[in-house]
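So the chains spell out like this:
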Amino acid sequence: MRRDSLYSAARVVIVTLALGGVAIALLPGYWIYLATAVLIAAVSLMSLGVVEGRTGMISLCQLSFAGVGAWTVGYLNVAQAPGGLPVWILIGGLAAVPFGVAIGLPALRLRGINLAIVTLGFASAFDAILAATTFPGQTQFLQVPRPDVFDSDAGYFLFVLITFALIAGGLQLIAGSRLGASWLAIRHSERATAAHGVGIPSAKLSAFAMSAFVAGIAGGMLAGYLGTLVADNFTMFGSLSLFAVATMTGAESAEGAVIGGLLVTLFPEILRRLALPQDIGNVMFAVGAVQALSSGETASQALRRLFGKLWRHRAIEIAPLQPASLAPRRDHGEAAALTVRALTVRYGAVVALDNVDFDVPARTVIGLIGPNGAGKSTFIDAVTGFLPRYEGGVSLCGRALEGMDAHARARAGVRRTWQTNRIAPNLTVGAYLDLAAGGLTQRQLEAALAWIGCPDARVRVASVDAGARRLLDVAGVVAARPALVLLDEPAAGQSYDEALRLAKRIAEIPEIFGSAVLLVDHDMDLVRAACAAVTVLDFGKVIASGQTAKVLEMPLVKTAYLGVVDSEAA
Amino acid sequence: MSALVVSDLVVNRAGLPVVRGASLSVEPASVSVLLGANGAGKTTLLEALSGVTPQAGGRITLGGEAIEALRPGARARRGLAHVEQGRTVFRTLTTDENLRAARRDADTGAAYALFPELEKRRGVRAGLLSGGEQQMLVIARALLTRPKAILIDEMSAGLAPVVVGRLMAAVRKLADDGLAVLLVEQFAALALGIGDRAYVLRRGQIVYEGACPALARAPELLHRLYLGDHAA
Amino acid sequence: MGAYFTAAVAGLAAGGAYALLGVCAVFTYRLVAVVNFVGAAIGAAGAFAFSMLVERGAPIGLAAVFGVAVGAVVGVGVGAVMTRWFAESPASTKAAVAVALLVGLAAIGLRVTGGQHPHEFPELLGGSAFRLAGVEVTNASLATLALAFLFTIASTLFLNRSYVGLQLRALAERPVAAELIGVPVQALSLWVWGVNGAATALALILIAPQRAPNFLTLSLLVVPALAAALIGVFRNFWATLAGGIAIGVMEGLASVIPHLGEFRAAVPFVVILAVLLWSQRGARWDEAR
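These protein sequences, in sequence, are chains G, Z and S. Taken in order, the first sequence gives residues 3 to 572; the numbers are from this note's numbering. Taken in order, the second sequence gives residues 6 to 237; the numbers are from this note's numbering. Taken in order, the third sequence gives residues 157 to 445; the numbers are from this note's numbering.
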C-alpha cells in the first residue's frame with residue numbers, strides 16, 4: 003500500500019512539472035501570468051477538496067483561511083523577517099491552522115451542517131475584520147517581494163508550479179495512507195469508520211486543519227503574485243463561489259482542482275473578451291454544482307470515467323489462494339471472548355433486551371438467532387458501543403468494556419460488520435482492508451482477500467458488486483484479528499451455494515485468525531453450517547441455548563419463529 | 006377478476022437481489038397470507054408493490070390496471086393502501102389527527118366503530134398509545150383512503166397474542182366486507198387461521214402456494230419451509 | 157450606561173429582522189428538512205423587485221404586494237429544484253445545493269440590480285413611532301419586530317390548528333407514511349417554500365431602507381438568521397425569536413464599545429461558536445451517518 007501511494011504521488015508530481023514545463027515553453031507572457039493564477043486557484047480548491055471532496059464536510063470559509071495566510075506574509079514582509087517568501091508562505095499556512103482548529107473543534111462532534119454554518123459565520127466575521135484593516139505595507143507602498151530566482155512572471159509561475167506539485171503529491175501520499183482512507187470512509191459512514199477503531203473527531207479535525215493549511219499557502223502565494231492585496235480578494239462570497247466550483251469539478255483530485263482553477267480564472271477572462279457580464283460565471287458554477295450533486299458525479303469523475311473507457315478494462319480477478327501468506331493467528335488466551343451479564347436495554351417503555359446472560363467462548367463460532375424484533379441488532383449495538391446507555395455488563399476476554407465508546411472498543415478487540423453497505427465506494431479494495439485491519443503487509447492483505455474470495459486489491463469498491471462487498475466487510479474485520487468478530491447478517495441476498503461457501507469460511511475463522519465469532523443471521527442454512535452452538539432470542543430474552551441442530555428442533559424455538567402453535571392442530 | 010396481481014417481481018436493494026421473480030395474486034373479499042422467515046424479502050416485496058422501493062422487473066396490476074410505473078401517492082389514490090411494519094403513526098399528532106391526516110372529512114365514526122378501543126384515546130398523542138392501539142390506528146388510517154386492496158406488514162410483531170387475535174378478527178371482517186387483503190406475517194399460526202390463500206417466501210422466491218387451512222394442518226411442512234434444510 | 161441602553165435600543169431594529177429571518181429558517185427546516193442558506197437571497201429578489209417597481213413609478217403599496225409575490229415565486233422555484241431532484245437526498249447534499257443556489261441567485265441578482273453599490277430603498281413604512289432613551293424608534297423597526305412576533309404566533313397556530321398544518325406536521329415527521337396515505341407531499345413542500353419566500357421578502361422590504369444594501373449584502377443576512385435559528389436549536393420558534401433580537405441588541409452594544417465597534421458584524425459568528433460549544437458537550441459524532 004505504501005509503495006503504491008508513493009508511485010502515484012510521484013506520478014502526480016512528475017506529470018504536473020512536465021505539463022508546467024511545456025506551458026512555460028509554449029505560452030506567451032500574459033498567458034503565463036494567467037496560468038499562475040490558475041495554479042494558485044487550484045491550490046485553494048485542493049484545500050476544499052480535502053475537507054469536502056474527501057471527508058464530506060461543508061466548509062464555506064476557505065478564502066478566509068487564505069486571507070490569514072496572505073496577511074501573515076504581509077506582516078512578515080513588513081517586519082523584514084528572515085527567510086524570504088517561501089518561508090513566509092509556509093508560516094502563513096501554519097498560521098491558518100489554529101483558526102481552523104478553533105472553528106472546527108466545536109462543530110466536529112455534531113451534525114455536518116453545523117460546520118457549514120460556523121464556517122459561514124467565520125467568513126462573514128473575517129470580512130468585517132478585513133474591511134477594518136489594510137494589507138500590511140500597503141500604506142508604505144511596500145510590496146511583497148518575490149524570491150530573486152523567481153522574480154519574473156515565468157519565474158514566479160515556476161515557483162507556484164513547484165509548490166502546487168509538492169502539495170498535490172503530498173495530498174496524494176496522504177490519500178494512500180490509512181488516514182486518507184479514513185477520510186473517505188468518514189464521508190460515507192461515520193459509524194462504520196468508528197467501528198474500525200478510528201477516532202472520528204480527530205480524523206475530521208486533521209482534515210479540516212490540513213485544508214486550512216493548504217488554503218493559507220494559497221493566500222501566501224497570492225500575496226507574492228499581486229504584491230499587495232485588498233479585502234476584496236478574500237470575501238465570503240468568494241468562498242461560497244469557490245465551494246460551488248469545487249463541488250462541480252471534484253477538487254479532491256489534482257486534475258479536478260486544475261479544471262476548477264481554469265474555470266475560476268479563465269471564465270472571467272473569456273467573458274470580458276466577449277463583453278458579457280462577469281456574473282454569468284458564478285451562475286454557471288451554481289448550475290454545475292447542482293448538476294454534480296444530483297447526478298452524484300463531479301466533472302473530474304466524469305472525465306475519468308470517459309477516459310477509463312478508452313483504456314483496456316482490467317478484468318476483476320479473484321487472487322489465487324496463498325494460505326502461507328496469511329498473517330499469523332493471534333492468541334487471545336483462554337478466557338471467554340465475550341461475557342455478557344444481565345444486559346438490559348430500554349427504549350422508553352419498550353424493553354428491547356431483558357436481563358440477557360450470554361457467553362462466547364474463545365475460538366468458537368456461536369450463532370445468535372431470533373425472530374424479527376427479538377433484539378439481535380440491539381444486542382450487537384450494545385456490545386460494540388453504539389448505544390448511549392445500557393444496564394448490565396459486557397466484558398471482552400475478562401476486561402470490562404463499560405466506559406469505552408465504539409472506537410475504543412474496536413481498538414480493544416471487538417469488530418463488527420453491518421447489515422447495510424457502509425464501505426466507501428471511492429476506496430480501493432486494498433485501501434479498505436488496510437483501513438479495517440491496519441498493520442498488515444501487502445501480501446498478508448492479499449492473502450486475506452483471496453481466502454474469502456474477494457476481488458483484487460487494486461479494484462475500486464464502486465466496481466465491486468454488492469454481494470462481494472459483504473464479503474469484503476467480513477474480510478476487513480477478520481483480517482484485523484480481533485478477539486471477537488460480530489457478523490451481522492453477512493449472507494443477506496446470497497444464493498444457497500454462496501451462503502454455504504461463506505459458512506465454511508466463517509467456521510474456519512477461529513482456526514486461521516484466532517478470533518471468536520458471533521454470527522447473527524436469519525439464514526438457517528448458514529447458521530447450521532457455520533455454528534457449533536446457537537442462542538435464541540425472543541422478545542429480548544434468551545429462550546434457548548446449545549448445540550445448533552438440537553436447538554433448532556426445540557418446540558420452544560419453533561413457536562418463537564412461527565407464532566403460537568395451535569396445540570390441537572399440531 | 007383479481008384485485009391485485011403480481012407477476013415475476015424482481016426487487017434489488019443496494020445492488021443485492023432481494024426479491025427474485027415472485028408472483029402472487031389477491032382476490033377481492035379475501036385474505037392472502039404471505040409467510041416467510043425474516044430476511045426472506047417480504048417487506049421489500051410489499052414496498053415494491055406500494056412504490057416505496059423501486060422494482061427492477063415484473064408487473065403489478067391493481068383492479069386490472071398496471072401500476073408499476075406510478076409513484077406511491079398515485080398508487081394510493083388508485084386504491085392501494087400499505088400499512089408499513091413498525092407501526093408508523095405520526096407520533097406527535099393525536100389519534101384523531103392521525104386519522105384526519107388521511108382524509109380531511111374523515112368518517113372517524115366508522116374507524117372508531119371498527120376499533121372502539123381507539124375512541125377513548127382520540128385526543129391522546131399517538132406516540133403514547135400502546136403497541137396494539139398504534140397498530141389499530143395505522144390500519145384505520147389506511148382504510149380512510151377507501152382502498153380496494155390493502156397490504157399489511159407484520160402487524161403482530163411485538164404484540165401479545167390476545168391483541169393479535171383481536172387484530173386478526175378485525176382484518177377478517179374487512180375482507181368479508183369486500184377488501185382484498187395481503188397479510189405479511191412471520192408468525193404463521195394466527196394468520197393461517199383467518200387466511201384464504203397462503204404463499205411462503207424464501208430467499209426472495211415463492212416456494213409454496215396453497216390454501217391456508219391445508220398449511221395450518223401441516224406444521225411440519227411449515228417448519229421445514231422456514232427453518233429446515235433448503236435442499237429438502 | 158445611557159449610551160449602552162441607547163445602543164441596545166438601536167440594535168432592536170436589526171434584531172427584529174434577524175428574528176424574522178431566523179423564524180423563517182426554522183419554519184423551513186422543520187417542514188422540509190433543509191437548512192436554508194438561500195432563504196435571504198430569495199427574499200432579496202422580492203425586495204429588489206419592489207424597489208425597482210417603485211423607481212418606475214408604481215404606487216408603493218402595489219409594488220410591495222408585487223415584491224412579496226416575486227419572493228413567493230422565486231421560493232417555489234428553489235423548492236421545485238429541491239423536490240424534483242433532491243427529495244431523498246441526505247441533509248448535507250441538500251445543504252450543498254442550497255449553497256450553490258445562493259451563489260447562482262446572488263450572481264443573477266447582482267447582475268439584474270446593477271452590481272454591488274448601495275441602493276436607495278423606498279420606505280414602505282416611513283416615519284418615526286416614538287423616542288425611547290433618546291433613540292428614534294422607526295415605524296419600520298417596530299413593524300419588523302411586530303411581524304416577527306406575528307409570524308411566530310401564526311406559524312405555531314397554523315401548524316397546530318389548520319388542516320394544511322396538520323398535513324405538514326405529518327409530512328415533516330414521516331414523509332413516506334404521509335405519501336402512502338395520500339398527503340400531497342410535493343405540492344405541500346412547494347407551498348412551504350413559497351410562504352417562506354413571501355415572508356422573507358416582506359421582512360427585507362421593511363428593513364432594507366435602513367441598510368442601503370445591495371443584493372449581496374441582503375442575501376448574506378442569512379448568517380445572523382442561521383445564528384438565531386441555532387439558538388432555537390432549529391426547532392423552537394420562540395427561542396429563535398428571542399435569539400434574533402438578542403443578536404441585534406448585541407450588535408448595537410458592540411458598536412459603542414471602544415475598539416469593538418468596527419467588528420460588530422462578527423457578533424453572529426461569536427454567537428454561533430458559543431452555541432455550538434454548548435451543544436457539543438456529550439456528542440460523539442454525526443448520528444445521522
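Hints are computed from structural coordinates only; laboratory data are not their basis. Keep in mind that a hint or two might mislead.
Across the chosen pairs, the derived CB separations fall in these ranges [to be verified]:
{"hint": "1", "chain 1": "Z", "residue 1": "G69", "chain 2": "S", "residue 2": "R317", "range": "38 to 44 Å"}
{"hint": "2", "chain 1": "S", "residue 1": "L416", "chain 2": "G", "residue 2": "A83", "range": "26 to 32 Å"}
{"hint": "3", "chain 1": "S", "residue 1": "A310", "chain 2": "G", "residue 2": "A410", "range": "45 to 51 Å"}
{"hint": "4", "chain 1": "G", "residue 1": "L278", "chain 2": "S", "residue 2": "A310", "range": "43 to 49 Å"}
{"hint": "5", "chain 1": "Z", "residue 1": "R96", "chain 2": "G", "residue 2": "Q421", "range": "43 to 49 Å"}
{"hint": "6", "chain 1": "G", "residue 1": "G394", "chain 2": "Z", "residue 2": "R127", "range": "36 to 42 Å"}
{"hint": "7", "chain 1": "Z", "residue 1": "R96", "chain 2": "G", "residue 2": "L278", "range": "50 to 56 Å"}
Selected chain G positions facing chain Z (in silico; Cβ < 7 Å) [unchecked claim]:
{"hint": "8", "residue": "N374"}
{"hint": "9", "residue": "G375"}
{"hint": "10", "residue": "N423"}
{"hint": "11", "residue": "P427"}
{"hint": "12", "residue": "A468"}
{"hint": "13", "residue": "H524"}
{"hint": "14", "residue": "K560"}
If you want the footprint, here are the derived chain S segments under chain G, 3+ residues with CB under 8 Å [to be verified]:
{"hint": "15", "stretch": "237-246"}
{"hint": "16", "stretch": "260-267"}
{"hint": "17", "stretch": "307-320"}
{"hint": "18", "stretch": "334-346"}
{"hint": "19", "stretch": "430-437"}
Every residue, glycine too, gets a C-beta built ideally from N, C-alpha and C.
Report the numbers of all earlier hints that the structure fails to satisfy, in ascending order. Structure breaks hints 5, 11, 17, 18.
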